[in-house]
Amino acid sequence: MSTPEPQRTAPLSVLVGTLAGLKNAIFPAAAAAFGTGLGGMGLYIGIGVGLLIAVVGGVASYISWRRLSYTIGASDIRVESGVLSRAARSVPYERIQDVSLEQKLIPRLLGLVAVKFETGAGGGEDLSLTYLTEESGEELRQLVRERRDAQDEIAPDAETGVPSPAREPEAEGEPIFAMGTGRLFQFGLFEFSLAVFAVLLGLLQYADTFIDFEIWDPDLWQGVLEEQGSTISALGPYAQIASAIGGLIALFVVGSATGMIRVFTREWDFLLERTARGFRRRRGLFTKTDVVMPIHRVQALKIGTRLIRYRFGWHNLKFVSLAQDAGSSSHDVAPFAKMDEIRTVVETAGFHLPSENADWHRASEAYRTDSMIVDSLFFVIAAIVAGTVLGIFNPDWFLLVVAILLGLAALSAGAALYSWQFKRHSLDDTQIMARAGIMSPSSQIATRTKLHSAEVAQGPIARWRGYATLHLGLAGGEFAIPGIPFERAREVRREVLETIAATDFSELETG
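Each residue of the sequence shown is one higher than the last, beginning at 1 in full-length UniProt numbering.
Derived from the structure by calculation, the hints contain no laboratory data.
Be aware that one or more of the hints could be misleading.
Stated by the list, open to error - Cut-off 30 angstroms, straight-line C-alpha distance, at most; resulting in silico cross-link-like pairs (DSBU-like, lysine-lysine):
{"no.": "1", "residue 1": "Lys338", "residue 2": "Lys302"}
{"no.": "2", "residue 1": "Lys338", "residue 2": "Lys288"}
{"no.": "3", "residue 1": "Lys23", "residue 2": "Lys104"}
{"no.": "4", "residue 1": "Lys23", "residue 2": "Lys338"}
{"no.": "5", "residue 1": "Lys302", "residue 2": "Lys288"}
{"no.": "6", "residue 1": "Lys302", "residue 2": "Lys104"}
{"no.": "7", "residue 1": "Lys288", "residue 2": "Lys104"}
Remember, it's a predicted structure, so these values are computed and weren't measured experimentally.
With the hints as extra help, turn the sequences into a complete structure.
Here's what the structure looks like:
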């Protein structure tokens, strides 16, 4: 059996790299043009700088493409890259937990996909191929699935050692959650964002290059504020109120529009399917992602919400997986859904939501008291310091300032007291569940058979007060339950460890 031949990525990858270099040349070209003056030779200098950078980027892209190769072996995938120094990385098929396909706008127009391999090692994608044709990318992903599945493993070709390309594509999955334009519009209404102002502030650092005055000059802005302040003062009270309301409305419109754009570009055509292997999620307008999550790789669930959307019954569901989703330890599988829709996805994943008669346990009362003290301590200390200073230098403000700070301390303590009532956990025969939060509650659910460890941790205060934090070992995520009475923490740890000891992880791996 001969050694498999190395393969190159799609030749159009060079064009994508060249266009990326052209994009990177815009700002230097503009800076050169404005720096030398748009009149005369300045414009030609800017164009020349831009073309030079684009050409250099194109040549570098071509050389990188020529020096990048990947080999599909009988047991692993090997990628070799590097121009001046070569690097070779190899990942066995059984180590690959997830294979995702991603298409940004330009590669999508050219029919290319980025293939990303993840092993769940916690460092992002272990291997990435940019770019393959759509057909080659899907074929490679199918190969990895078959290699990961011992039942459907394909025998290598006798001459080349490369698996035969004649493979039946996986059948279409069953849709279990989708978001159309109507749902996305509702989602966007709750995604208020002021990111556009952050972008504008970031662009201001380049403003001096294009504008003929010092934008960071404090005297300039002081003059503008004085001029506008005089104009507003001359309007009268009703006009001032109307102007303030108009400004708030404009801020709301801009923030809502920004959130709407972010939702539509990120979640466009969102579809979650149940396939033979697990789950398949597709979404994205300009950057389209196609992610497959094997069902036995789903380690836990996270159900969350936000302040306003919670009042309207909207929640989000994430899978905690060995693989990662754009640097996160969890996959968004239902970003904006009602609880009935979430229940369907949860049950499909082999979990279940807490029943009405679940045995919930609150955090320790000592933990509640300590939380009240800690949360209010800052304001109490501030009241003491402010009271001492004002009592000496400005007694007229003493009562007002101290009363405000002590009021904030009482408010913080009350919030901690109220929050304690919602901080609880439950353990049943198959799962452990934890809840927390008042205005935007969150829940985490883990299957006992997929936990790796259970640790009871106590600091000096917790040891003195008789409570502990239970840390549960969860591949791809974190699961900690703070403030549990010490004996209860030991009881939960004992039951979890009994489940772990009785679990055959070789069966769980392929289950």
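Assess, step by step, whether the Cα of Lys288 is no farther than 30 angstroms from the Cα of Lys104, and give holds or violated. Holds - the C-alpha atoms of Lys104 and Lys288 are around 6 angstroms apart, at most 30 angstroms.
Distance restraint between Lys302 and Lys288, which requires alpha-carbon spacing of 30 angstroms or less: 24 angstroms, holds
Does Lys104 sit within 30 angstroms of Lys23, going by the straight-line distance between their CA atoms? 15 angstroms, holds
Within 30 angstroms, alpha carbon to alpha carbon, are Lys338 and Lys302? 14 angstroms, holds
Holds or violated: Lys23 and Lys338, Cα atoms, limit 30 angstroms. 41 angstroms, violated
Is it true that the CA of Lys338 sits at most 30 angstroms from the CA of Lys288? At roughly 25 angstroms apart (the allowed maximum being 30 angstroms), Lys288 and Lys338 satisfy the hint.
Does the alpha-carbon distance linking Lys302 and Lys104 stay inside the 30 angstroms limit? 28 angstroms, holds
Consistency with the previously given hints fails for number 4 only.
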